[in-house]
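**Student:** Taken in sequence, the protein lines are chains R, Z, L and A.
Each residue of the first sequence is one higher than the last, beginning at 423 in this note's numbering.
Each residue of the second sequence is one higher than the last, beginning at 423 in this note's numbering.
Each residue of the third sequence is one higher than the last, beginning at 35 in this note's numbering.
Each residue of the fourth sequence is one higher than the last, beginning at 35 in this note's numbering.
Hint data in this document are derived by calculation from the structure and do not stem from the laboratory.
There's no promise every hint is true.
Computed spacing ranges between beta-carbons, pair by pair [to be verified]:
#	chain 1	residue 1	chain 2	residue 2	range
1	Z	G605	A	T318	53 to 63 angstroms
2	A	N71	Z	D879	44 to 54 angstroms
3	L	K285	Z	E662	33 to 43 angstroms
4	R	N886	Z	P913	35 to 45 angstroms
5	R	D490	A	K217	51 to 61 angstroms
6	L	R274	A	T221	36 to 46 angstroms
Looking from chain R toward chain Z, a few residues come up when the C-beta cut is under 7 angstroms (computed) [claimed, not checked]:
#	residue
7	M466
8	I510
9	T511
10	T514
11	S537
12	R602
13	G605
14	H747
15	F750
16	G949
17	V952
Glycine residues also receive a C-beta, built at the ideal position from the N, C-alpha and C atoms.
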Amino acid sequence: MGKNESVSIVLCGEAGQGIQTIEAFLIRLFKAAGYPVFATKEYMSRIRGGSNSTEIRVSSRPVAAYVDRIDLLIPLDADALSHLERRITSNTIILGEAAKIKPPEHRPVIDIPFSRIAAEIGNPIYANSVAGGVVAGLFGLDLALVTEEIEGFFGVKSPDIIQKNKEAAVKGFHLGKELRETGRVVFEIRPEAAVSDDIIVSGSEAVALGALAGGCNFVAAYPMSPGTGVLTILAQHAREFAIVAEQAEDEISAVNMALGAWYAGARAMVTTSGGGFALMTEGISLAGMIESPLVVHVAQRPGPATGLPTRTEQADLDLVLYAGHGEFPRIILAPGNLSEAFYVAQKAFQLADEYQVPVFVLTDQFLVDTYYNVPRFALDRVSIKPQIVETTQDYRRYVLAPDGISPRGIPGYGTGLVGVDSDEHDEAGHLTEDLELRVRMQQKRMRKLEAIRKAADRPKLMGNEDYQTLVVGWGSSMEVIKEALAEIDRPELAGLHFTWVYPPAPEAIHYLRQAERIIMVENNSTGQFVKLLHAEFGVAVDHRILKYNGLPFSVEELVREIVTILTEE
Amino acid sequence: MGKNESVSIVLCGEAGQGIQTIEAFLIRLFKAAGYPVFATKEYMSRIRGGSNSTEIRVSSRPVAAYVDRIDLLIPLDADALSHLERRITSNTIILGEAAKIKPPEHRPVIDIPFSRIAAEIGNPIYANSVAGGVVAGLFGLDLALVTEEIEGFFGVKSPDIIQKNKEAAVKGFHLGKELRETGRVVFEIRPEAAVSDDIIVSGSEAVALGALAGGCNFVAAYPMSPGTGVLTILAQHAREFAIVAEQAEDEISAVNMALGAWYAGARAMVTTSGGGFALMTEGISLAGMIESPLVVHVAQRPGPATGLPTRTEQADLDLVLYAGHGEFPRIILAPGNLSEAFYVAQKAFQLADEYQVPVFVLTDQFLVDTYYNVPRFALDRVSIKPQIVETTQDYRRYVLAPDGISPRGIPGYGTGLVGVDSDEHDEAGHLTEDLELRVRMQQKRMRKLEAIRKAADRPKLMGNEDYQTLVVGWGSSMEVIKEALAEIDRPELAGLHFTWVYPPAPEAIHYLRQAERIIMVENNSTGQFVKLLHAEFGVAVDHRILKYNGLPFSVEELVREIVTILTEE
Amino acid sequence: MMGVELYQNKVTDISWCPGCGNFGILKLLKETFHELNIKPEELVMVSGIGQAAKTPHYLRCHFFNGLHGRALPAATAIKAANPTLTVIAESGDGDMYGEGGNHFIHAIRRNPNITNIVHNNMVYGLTKGQASPTSERGFKTPVQLYGVANEPFNPIAVALALDASFVARAYVGDATQTKAILKQAITHRGYALVDILQPCVTFNKHNTYQWFREHTYYLEDDYDPTDRVAAFARALETERLPLGVFYIHPKATFEDHLSMTDGQNEPLFRKEPDLAKLTELLRTKQ
Amino acid sequence: MMGVELYQNKVTDISWCPGCGNFGILKLLKETFHELNIKPEELVMVSGIGQAAKTPHYLRCHFFNGLHGRALPAATAIKAANPTLTVIAESGDGDMYGEGGNHFIHAIRRNPNITNIVHNNMVYGLTKGQASPTSERGFKTPVQLYGVANEPFNPIAVALALDASFVARAYVGDATQTKAILKQAITHRGYALVDILQPCVTFNKHNTYQWFREHTYYLEDDYDPTDRVAAFARALETERLPLGVFYIHPKATFEDHLSMTDGQNEPLFRKEPDLAKLTELLRTKQ
Ligand SMILES: Cc1ncc(C[n+]2csc(CCOP(=O)(O)OP(=O)(O)O)c2C)c(N)n1
Ligand SMILES: Cc1ncc(C[n+]2csc(CCOP(=O)(O)OP(=O)(O)O)c2C)c(N)n1
Ligand code: SF4
Ligand code: SF4
Ligand SMILES: [Mg+2]
Ligand SMILES: [Mg+2]
């Protein structure tokens, strides 16, 4: 997208300098001004210091992908310029306090004394509002809107603080306006999509809200980046929605709590990242054996082990696919954007309940930490009808049902008794060493996989139906692939995105077969989805675009890589 | 094999009745008499009661597989006959205390009052020696040998006890001899293979001894059937070999202890089963990241969850293949028989040390609980040369070596400092957020997989080189496939056995390609190795023979299944 | 069905060894439930894996027989999800204090209104006789050939250190008193630990019925179960193990604290998801 | 290199917040090592994950920075594999008492000759301010919105219940005494716990430097650290937290018990596998 369709603003500084505040304010402001807006961040695993940056894309039409390009850079400390070195071009406008950021000779900087202005108003902390005002001025926004948004943003603070921040923003605004009017910095971009009815959420929020919409009323988790956000958000709404949000002593406890909760009639989830999930794998196997529903949110980050705690990767697909000893069915869903994150989380509860299997919502740091406007989530797309039955006196939990799905009773609802057992068991849930029964129970459990396969959502085709080359992705890369394909804009090229990752819909084979060439895009080093496609459909992938430095794909690099492959021939 | 080549003796009774004692004695005795002998058991997850059985095969040439056929059945309680119902034919000779076992009308039993005879000698516990004596008599063994073996067997007991047991055995012997001489029960089988230099070990022993031969000097484990045996045996030899054998508080502790031990220069292993291993998976990922050697013995049993604790299965291959978050190399070895169990365990240490990766020794309940004679293990087949280096002052643990293998130093050996870190790290082991370095480190770790692949042992071809149909197996099914193929005896049929399971040797493709038809044999319900073959070689399997009732394949059923497939065409 | 039979399961093949202390505990449990008039339909037994952990299979009631060491998190959640149920977490000493040690600590801190019954036979029964955390020093096993070297885990002392709401030790050989303790524990509001000394006749030839008889005695009638430090002093006695209720500290339970709007004991499954509130919440994101 | 510099790593970018109590602990550690004359080549720092757990990266010595909560098993094994090393397991309160709670219990029971230093800031620092096991009742966080409801974990009392060989609490704000305690702990033969109160200036606005100054005091000079019950009574004090060495109980260590033939402190890596013995053993299977 050209500069007239999408402007990339990057803020960069130390942890603790308030980048998040400017980010949040600018997102609000631009959305209020009618722009689609998108923000993504990359940050270090530390509380203070280091070099972190946030990219805000202000666009004419919605975008939801990371770009390398920086149109407007606001460095907040001396390290920012070197941290972003490779992304700064001669077209990048750098705007900041020259004294603080110490720009090298060849990097002209538009010097704006944020701190001094803030200090004049009374406190250096107002610098962030000055910066916000400057950006608003540069984009030619309405001053009234700016002050209004300041009011909304600092709503809970004291009137004096609000007033001071307004003052700061107004000062900044005039400086920005002047730059614009003197023609030194001009951004000519007009919104073309209506966003006023949209909502702005982060990936973590989308998952948490989706869970609520799925009837989630129990979350147990042990904090682990980037999975913690979902716990925090649910905890914040726990009283309001009368749900249990418990911080467990470890991940093992969390998953066993969630299973106990489902057993007793709750709708429970856990949220974690790869390392925490590794500890839950025995519990996943328990879910398989007792045929308990379970929703597991795994927000991926680079491994192995502690790896890069605040970065992104898609390398835990194999893990969730095979986690747990023994053999049992499961479902893996990996949302492609924030709308999908909501609906997938919602649907996960329904699927878990219906098939009595663990359902994974597989996201990553990139997805959970992005913010943007999306159409307000519809609350009627998936119905919340709990699948529990009222038990009768002769109730047996594991009736050998033809489709493998035995009606699920819970203690305290009906006159029957509900027994579940991690050993191989009979229909009543009592442990058995009847080896023929074992075989029938194992077959019953595995039969559910076939039912699930039939229910699987198809992958989404993005682009021309007459494609010859198919760019395949899964999970959080959907939007970047979409934007890259739009950029390349070739009729023989289309994208295929899997949100329902496992078991993949059998119909997917048609899309894959039609392609003369398949290019796989994955944020990992071994091509885990390539293996899955091969195993499920016998399809070979011709090219793999893999990235595993902890950052998401950028539109530019994907364009570059795809075009290289296309021209290689 | 006909009755003249191999006789199957089955003992059946409750847990706690001393079946194990008769079993151990008979194995010793037959081996001393020059027979190849094999024993396998199936038992319930309980300490007393239930129905357990042991099969002892006395053969002219070595066999190491389970057969359904029972030539001589010695039931020890009333439930035994119904427990074995389906394996008893009109050719089965049943020998026992009629009063105790209450045989149905149609099952003639040769009544031998074991208990009464024992009681006459002074104590019902001598009944086992009476039974042993009877069997010896039936087979026409030498009485002197019997009394000699009784002496050896009860060697540590008081002279009086030895004397009484001898008396019991002698009485039994004469009863057996009489049956033989009157022609009522005659076993005409003569040993054709020399076994006197052989040793008799169980699968657990073979693994434990192999570990010792691999230089293992540290084992940490939490008890879990069927993985406990290896811990017990190593603990029993701990003082003698000056090794550390520690029962950990849980499996998480065990694996982290093992990693700490390797770091400090020990050669450590853990032993467990699927459920305990599930808890170790975060630790496996740590091994991947800090590039620690690690030997993990996983003795499989049926899952999911607690499943069938004392039964067998091969359903944890997927688990060990993908255990741990993130991506890193590993090696999986699955011995096909007890000799292999020894050499594989030994080699596991060498490989772990050499490539600084986790190495899995994947066995199962069937393998660890069988006993038989094998050629005495050679101690020179794999050399024990620890791969540690003496550090110098500028030592860095993670030097970016071309083959990915950075020389491994340990604290206290040399003048350097050794730092390892579960975060992504620099060459010195310090945590880093340099994302380019991250990529180089990840590539360095993954490079080891290519080196490993080159070193992989090829699968073993069993049978005719001009095969058209290939019966493929992995792990503990090697001997049963071998015997079944010998039984079927068709020139177009051969077997291919994978002991080095992952990464499979690239040369394996030649064997697979040559086959017009591939039949896969696995003790699981989903065909996990089928998937692996497909993923690694793009090879499709034509037929799958799967079994997952908790029992190993029997020779007869494998013959039946293979022949059915061959004739189906 | 009436009386104790009400809790009698159809499963008749009990897999414990003849003479095992577990039989006594099973019998006492049935009597206790009967005498407390806890209906099978209101009762959930939660267990891990081990010989003790099989107990729920021999009772007529709801049961959740989960993973080795993980009964407490499941039990805590079951109680939280439906506070109208009587929830008992029951397992062996290895299960609760070994594999499940971390949950033991933190369940006590959380104080759910559940009863935690531990069959303490000082050995791993089901896995054939290895040392458990409570095995005495010097106890020889196939793995601890030269005798246990570790300091034995003292569940009473640790529970006191964590200020558990109710802490008791019983000996299965004494039916009357053990039942009295069980009743007190189950009716106690909050987490209640009952560590029951239980002979394992097969693998623990040291801590036999006789040994327990000789090495236990009851806390005095005038013993004050509210004095935590005094209770700790008694918990440290090892020559003869005191039996009875060591400590009672009534306090708010986990369920009391849960962030419920209604403050009711309403089970979660009866609550409809509040879509109106969610619509409202979504509007605030606009 | 000389003096404290000997322990000064080349890594200069320390990722702690300015003013954090961790800096003080780092400094005291260097001084302690120097004064005890423990060479970097003989010293292994073992840690988990968290802000505290980064400490080894800022020191010059061997280090094993493993998984969250798992420092103690690794440290125990390192010491067992090479008893000539000085081994210190160091992490935060969440790491050691939360995720690692089970290892904390059982490491104490094993009594390896290692020092266990816990940076107790009563909060999860690295993951941005959730409650830790030691957080006080009522402490508000983004997850515990209405304040912590759980009974705080009392590491001193629990260590006493487990009869830990050495139990101490220190406050980083008092350099002299903390260093004295650290020295005593490191030279103690056996497991030694030092729970160091450490302000987290970013996420714990309640337990500040000032709060700790006001809410701590030292055990008296004539305090008897061999009386376990008295120590327990002191451990329960919460109005003002006693500092100092609560308890010392010298006893055989894990390494002492290890089934070694030689009884020597010889590191395992120096021992050749005994193939002659193995040949002998194989012969017995014949
Ligand atoms: C994760 C895991 N590890 C190990 C086991 C094996 N296991 C089953 S029961 C048990 C211990 C039993 O001891 P205890 O809890 O004291 O019960 P008891 O049999 O003595 O009643 C063990 C180690 C398991 N089932 N799961
Ligand atoms: C298995 C696992 N779960 C969770 C995490 C995330 N995590 C990292 S540090 C930490 C807690 C830090 O608290 P604490 O141990 O008190 O250390 P502090 O940062 O306060 O020094 C958590 C939960 C992890 N790394 N691994
Ligand atoms: S092994 Fe011990 S605890 Fe288990 S049933 Fe037998 S006697 Fe009881
Ligand atoms: S977050 Fe707290 S503990 Fe961590 S460095 Fe900052 S002040 Fe210290
Ligand atoms: Mg026990
Ligand atoms: Mg902390």
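**Student:** With chain Z as the partner, please determine if G605/R meets the hint condition of a C-beta pair closer than 7 angstroms.
**Tutor:** Nearest chain Z Cβ about 38 angstroms off; hint violated.
**Student:** Does the hinted range 51 to 61 angstroms hold for D490/R and K217/A at CB?
**Tutor:** Given about 54 angstroms between the Cβ atoms, the range holds.
**Student:** State, for the Cβ atoms of R274/L and T221/A, whether the hinted interval 36 to 46 angstroms holds or is violated.
**Tutor:** Given a distance of about 37 angstroms, which is inside 36 to 46 angstroms, the answer is holds.
**Student:** Grab the minimum C-beta distance from F750/R to chain Z and call the hint holds if it beats 7 angstroms, violated otherwise.
**Tutor:** Constraint on F750/R satisfied, holds at 5 angstroms.
**Student:** Just tell me: holds or violated, for the beta carbon distance of N886/R and P913/Z against 35 to 45 angstroms?
**Tutor:** With a Cβ separation near 55 angstroms, N886/R and P913/Z fall outside 35 to 45 angstroms, so the hint is violated.
**Student:** For the hint on V952/R, does the least C-beta distance to chain Z fall short of 7 angstroms?
**Tutor:** 10 angstroms, violated
**Student:** Hint validation: S537/R versus chain Z, beta carbon distance must be below 7 angstroms. Holds or violated?
**Tutor:** 27 angstroms, violated
**Student:** Under 7 angstroms is the threshold here; is the Cβ of R602/R close enough to any Cβ of chain Z for the hint to stand?
**Tutor:** This interface hint is violated because 35 angstroms lies over the 7 angstroms limit.
**Student:** Regarding G605/Z and T318/A, is the given constraint of 53 to 63 angstroms on their beta-carbon distance met?
**Tutor:** 40 angstroms, violated
**Student:** Please test the hint of 44 to 54 angstroms on the beta carbon pair from N71/A and D879/Z.
**Tutor:** 51 angstroms, holds
**Student:** For the hint on H747/R, just tell me whether its beta-carbon gets within less than 7 angstroms of chain Z.
**Tutor:** This hint holds: H747/R lies near chain Z, its Cβ roughly 3 angstroms from the closest one there, short of 7 angstroms.
**Student:** Return the status of the interface hint for I510/R: holds when the least beta-carbon distance to chain Z is below 7 angstroms, violated otherwise.
**Tutor:** 17 angstroms, violated
The structure fails to meet hints 1, 3, 4, 8, 9, 10, 11, 12, 13, 16 and 17 from the earlier list, while all remaining hints are met.
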